[in-house]
Amino acid sequence: MPFLRHILSDNLSPKIWLSKCVEGKILFLFERKTVLSDGKESLATRGGLFGAGGRFSGGTDPIMEKFNESLSFDKRMYDQDIRGSVAYAKAICAAGILSEKERDDIIAGLQQVREEWRSGTFEIKPGDEDIHTANERRLTELIGPAGGKLHTGRSRNDQVATDARLWTVEAERDLLKDLSLLLDTISSFSENHLDVLMAGYTHLQPAQPIRFSHWLMSHAAALVRDAGRLQEIIPRTNLCPLGSGALAGNAFGVDREFLAKELGFNGVTSNSLDAVCDRDFIVDFLFWSTLLLTHLSQFAEDVIINNLLKCITIDDAYATGSSLMPQKKNPDALELLRGKAGIALGRAVGFTATLKGLPRAYNKDLQEDKVQLFDAVDTVKDCLAIATGIVATMVPNPNMLVKALSPEMLATDLADYLVRKGVPFRETHHISGACVRLSEERGISIDKLTLEDLQKIDGRFGDDIMSVWDYEVSVERKNVTGGTAKASVMKQIKDTRAFAATL
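The sequence shown begins at 1 in the working numbering and counts up one residue at a time.
Simulated from the structure, these hints should not be mistaken for laboratory data.
Quick reminder that beta carbons are idealized off the backbone N, C-alpha and C, glycines included.
Careful: at least some of the hints might be erroneous.
Cβ pair distances, simulated, as ranges [unchecked claim]: (1) Gln298 to Glu476: 25 to 35 Å; (2) Val395 to Gly228: 25 to 35 Å; (3) Gln455 to Ser406: 43 to 53 Å; (4) Gln231 to Ala434: 48 to 58 Å.
Cut-off 27 Å, straight-line C-alpha distance, at most; resulting in silico cross-link-like pairs (DSS-like, lysine-lysine) [to be verified]: (5) Lys329 to Lys310; (6) Lys177 to Lys101; (7) Lys478 to Lys421; (8) Lys125 to Lys75; (9) Lys125 to Lys478; (10) Lys421 to Lys486; (11) Lys364 to Lys66; (12) Lys310 to Lys486; (13) Lys494 to Lys381; (14) Lys381 to Lys75; (15) Lys66 to Lys90; (16) Lys177 to Lys90; (17) Lys403 to Lys448.
All chains should be modelled from the sequences, with the hints used to inform the complete structure.
See below:
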């Protein structure tokens with residue numbers, strides 16, 4: 001029998017090392033460095049709950065085992081998986097699949113498995129492909145053959161969908177609490193600095209004077225919308241897919257409404273085929289996190305600019321130094337906060353693209369969902385904590401904030417002055433612009449123009465025009481709902497604080 005040895009590379013894995021001609025066919029054997037307990041290397045054998053002796057007779061390639069496993073990350077759902085199994089044990093007992101003793105043994109065993117995970121003593125073994133197989137394998141070790149009955153009528157397809165929904169809802173509710181803390185922190189900070197004025201900008205050009213608190217509460221307004229959107233996502237997520245089986249439903253008459261109630265879901269999914277492959281709730285969260293982090297990115301940019309201008313001082317706890325320049329105090333926390341939005345967007349678009357061409361129903365592509373979900377939740381949680389800390393510890397510099405104000409920012413107030421005398425705004429806009437031009441031509445600020453100068457442009461200017469050049473008067477005139485007047489900002493603070501208390 002002829003043999004042909006191919007050595008592709010000393011460090012290439014897998015390495016095709018032997019081809020053999022058998023009945024006119026070329027069979028390829030792959031070298032795999034699977035070390036057995038006796039120290040010898042062998043081809044991998046297929047193990048685990050779905051291993052040799054069933055559908056498969058050959059071994060699983062070790063690269064495939066590594067490529068296929070998800071326990072390294074989905075073990076975060078151990079508690080949700082156990083809760084789902086406890087509920088399912090009760091349901092199939094009621095359906096006549098388990099005796100009451102078997103049910104009780106399974107529940108007791110699952111409680112022990114949970115405690116092992118909590119205490120860090122759970123031993124992961126070869127063949128533990130994911131959190132479901134690991135938990136069931138350990139359960140069977142603890143209670144014997146009865147553990148093998150737990151999966152009756154259940155698929156990992158509806159099992160993982162259940163775990164993921166439970167985990168996501170809990171994470172979303174937890175993030176609402178984090179948002180509540182940030183909103184409350186912003187509200188308190190704004191109230192404590194209500195008298196501080198600053199320059200407002202459009203196009204990064206000085207625009208109009210505003211209250212410092214009004215600027216900060218503008219970021220709170222965006223976060224309130226974010227919290228509201230997250231609240232809207234939760235009901236769509238909080239539906240129970242358990243009992244959907246692999247795709248066609250459950251053949252043993254389990255009570256899905258019981259399962260939903262037992263697990264704290266608001267209801268059940270309406271179609272078993274859709275239930276096992278639906279990851280809309282994860283896409284919802286990924287895009288929600290993108291928008292939230294975009295808002296935090298905008299906040300970070302504002303603070304970075306104001307910190308540069310010495311209008312705000314950030315606490316040392318959220319800055320770092322330079323490896324070369326001793327004088328540097330870099331706003332690294334804010335820069336990282338600013339940068340997370342781009343990563344979040346890539347995560348959301350990337351996972352949506354993964355879903356784009358999938359046929360019904362479950363496909364292993366969906367295993368990528370939890371990596372994106374867990375990363376997104378962790379990132380959002382960290383960013384909310386960082387933002388809360390920055391707000392709580394930053395210090396505004398009223399002198400520098402006021403110094404950034406300029407009389408030209410009151411040009412609109414100058415136009416409004418004539419509006420109050422009955423002049424149409426389009427005309428007053430032109431008149432005010434002429435005043436700005438005159439001051440620029442003379443190289444002086446607009447408030448240095450004399451009454452005579454102003455009356456040469458328009459005779460309707462009177463002695464009371466000089467009251468226009470008061471920043472406090474300017475902001476207090478904006479006393480509408482949502483405006484920058486003190487009473488208006490206080491209402492925003494009060495409303496935001498009340499909303500935060502409901503989260």
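Now for the hints, and whether the structure bears them out:
Under the hint 25 to 35 Å, the C-beta atoms of Gln298 and Glu476, about 27 Å apart, fit the expected range. Taking 25 to 35 Å as the suggested C-beta distance range, the pair Val395 and Gly228 conforms, at roughly 31 Å. In this structure the hint that Gln455 and Ser406 lie 43 to 53 Å apart at CB is violated, the actual value being about 23 Å. Gln231 and Ala434 have their C-beta atoms about 51 Å apart, which keeps the hinted 48 to 58 Å range intact.
Our distance criterion of 27 Å between C-alpha atoms is met by Lys329 and Lys310, whose separation comes to about 12 Å. In summary, the hint linking Lys177 to Lys101 is not supported, as the alpha carbons are separated by about 41 Å, beyond the 27 Å threshold. With a CA separation close to 18 Å, the supplied pair Lys478 and Lys421 stays within the 27 Å bound. With a C-alpha separation of about 13 Å, the suggested pair Lys125 and Lys75 falls inside the 27 Å cut-off, and the hint holds.
For the proposed pair Lys125 and Lys478, the alpha carbon gap of about 67 Å is over 27 Å, so the pair is violated. At roughly 26 Å between alpha-carbon atoms, Lys421 and Lys486 fall within 27 Å of each other, so this suggested pair holds. Straight-line distance between C-alpha atoms of Lys364 and Lys66 comes to about 14 Å, which keeps the hinted pair within the 27 Å bound. A threshold of 27 Å between alpha carbons decides the hint, and for Lys310 with Lys486 the separation of about 24 Å falls inside it, so the pair holds.
Under the criterion of a C-alpha separation no larger than 27 Å, the hint pairing Lys494 with Lys381 is consistent with the structure, at around 25 Å. Simply put, Lys381 and Lys75 have alpha-carbon atoms about 19 Å apart, close enough for the 27 Å limit, and the pair holds. Taken as a hint, the Lys66 and Lys90 pair is broken in the structure, with Cα atoms around 34 Å apart against an allowance of 27 Å. Distance check on the hinted pair: Lys177 and Lys90 sit about 32 Å apart at the alpha-carbon level, beyond 27 Å; violated.
The suggested pairing of Lys403 with Lys448 holds, with an alpha-carbon distance near 17 Å, which does not exceed 27 Å.
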